[in-house]
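Trainee: Sequence:
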Amino acid sequence: NTDRTGKEKNSEKVVKEINTEDLIEEVTADPQNMKDEKTDVQEKEKTFRSELEASCGRSVLEFLMNDYDQNGTQEAFALMGKAGENQVQIGDYIGEVWYVTEKGAVKLAEQNEFKKGKVLTIKDQTYIVYEECYVSESRSLVWNVQEGTPVQLNLGNGMGFDVGDDGNPTII
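Mind the numbering: the sequence shown is residues -14 to 157 in the numbering used here, read in order.
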């Protein structure tokens, strides 16, 4: 055996023992802690749903819960409606848009026909978009959460809100 310069290679093989335990960092999760976190979220969702129903006397049609402003506290947006009101023509639901936290619930939009809500994250900001449906058009209602408070974006003369291929929001 020769190398590319024509010199003879050393045919001895050197085997170095590698302890795989040194290469693998053991990651363990506390299953009890994970279970507690899941239970906390489920309990909070149950509490929020009850608060919404008590506040408006309607049923939850859609419920979107998350920590929208990354402050460590869950918030939720919901479409609230009554049984028998959902004879939709264009959208997915007939109802009102509500917002709820541990501090209480507040109505954000009056009853109308809406498409299912969308949650968009753009450059570390999370937006909730509900499309109000009309026969000839739709209008985007867009909120984000700042310090636990829902803030509706002013879309000006635009009627819609979309995210382009470049990840930037566009008023359409």
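I should point out that these hints are in silico values taken from the structure, not numbers from a laboratory.
It is possible that part of the hints are untrue.
Taking lysine-lysine and the DSBU-like style, the derived pairs with C-alpha atoms no more than 30 Å apart in a straight line are [to be verified]: (1) Lys31 / Lys88; (2) Lys100 / Lys29; (3) Lys100 / Lys31; (4) Lys103 / Lys31; (5) Lys108 / Lys23; (6) Lys67 / Lys103; (7) Lys101 / Lys23; (8) Lys108 / Lys29; (9) Lys31 / Lys67; (10) Lys101 / Lys67; (11) Lys92 / Lys108; (12) Lys92 / Lys31; (13) Lys100 / Lys88; (14) Lys101 / Lys88; (15) Lys103 / Lys92; (16) Lys29 / Lys101; (17) Lys67 / Lys92; (18) Lys108 / Lys88; (19) Lys100 / Lys23; (20) Lys88 / Lys23; (21) Lys103 / Lys23; (22) Lys92 / Lys29; (23) Lys67 / Lys108; (24) Lys29 / Lys88; (25) Lys67 / Lys100; (26) Lys101 / Lys31; (27) Lys29 / Lys103; (28) Lys23 / Lys92; (29) Lys88 / Lys67; (30) Lys103 / Lys88.
Quick list of the computed label-pair ranges, beta carbon to beta carbon [stated by the list, open to error]: (31) Glu22 / Glu122: 39 to 47 Å; (32) Glu132 / Glu30: 41 to 49 Å; (33) Gln137 / Val26: 34 to 42 Å.
Every residue, glycine too, gets a C-beta built ideally from N, C-alpha and C.
Trainee: Now look at each hint and say whether the structure bears it out.
Mentor: Each hint, compared with the structure:
1. Lys31 / Lys88: holds, 15 Å
2. Lys100 / Lys29: Since the Cα atoms of Lys100 and Lys29 sit roughly 25 Å apart, the hinted pair holds (cutoff 30 Å).
3. Lys100 / Lys31: holds, 24 Å
4. Lys103 / Lys31: At roughly 21 Å apart (the allowed maximum being 30 Å), Lys31 and Lys103 satisfy the hint.
5. Lys108 / Lys23: holds, 27 Å
6. Lys67 / Lys103: Since the Cα atoms of Lys67 and Lys103 sit roughly 22 Å apart, the hinted pair holds (cutoff 30 Å).
7. Lys101 / Lys23: holds, 25 Å
8. Lys108 / Lys29: Between Lys108 and Lys29 the Cα gap is close to 27 Å, so the pair holds against 30 Å.
9. Lys31 / Lys67: holds, 19 Å
10. Lys101 / Lys67: holds, 16 Å
11. Lys92 / Lys108: holds, 27 Å
12. Lys92 / Lys31: holds, 19 Å
13. Lys100 / Lys88: holds, 27 Å
14. Lys101 / Lys88: Between Lys101 and Lys88 the Cα gap is close to 25 Å, so the pair holds against 30 Å.
15. Lys103 / Lys92: holds, 18 Å
16. Lys29 / Lys101: holds, 22 Å
17. Lys67 / Lys92: holds, 15 Å
18. Lys108 / Lys88: holds, 28 Å
19. Lys100 / Lys23: Judged against 30 Å, a Cα distance of about 29 Å means the pair holds.
20. Lys88 / Lys23: holds, 21 Å
21. Lys103 / Lys23: holds, 23 Å
22. Lys92 / Lys29: Distance ~19 Å between Lys92 and Lys29 Cα, so the pair holds.
23. Lys67 / Lys108: violated, 36 Å
24. Lys29 / Lys88: Given that 30 Å is the threshold and the Cα spacing comes to 12 Å, the pair holds.
25. Lys67 / Lys100: Holds - the C-alpha atoms of Lys100 and Lys67 are around 16 Å apart, at most 30 Å.
26. Lys101 / Lys31: Measuring from Cα to Cα gives roughly 21 Å; hence the hint holds.
27. Lys29 / Lys103: holds, 21 Å
28. Lys23 / Lys92: Holds: Lys23 and Lys92 sit about 27 Å apart, inside 30 Å.
29. Lys88 / Lys67: holds, 24 Å
30. Lys103 / Lys88: Measuring from Cα to Cα gives roughly 24 Å; hence the hint holds.
31. Glu22 / Glu122: 39 to 47 Å: Holds - the Cβ-Cβ distance for Glu22 and Glu122, about 43 Å, lies within 39 to 47 Å.
32. Glu132 / Glu30: 41 to 49 Å: violated, 22 Å
33. Gln137 / Val26: 34 to 42 Å: violated, 26 Å
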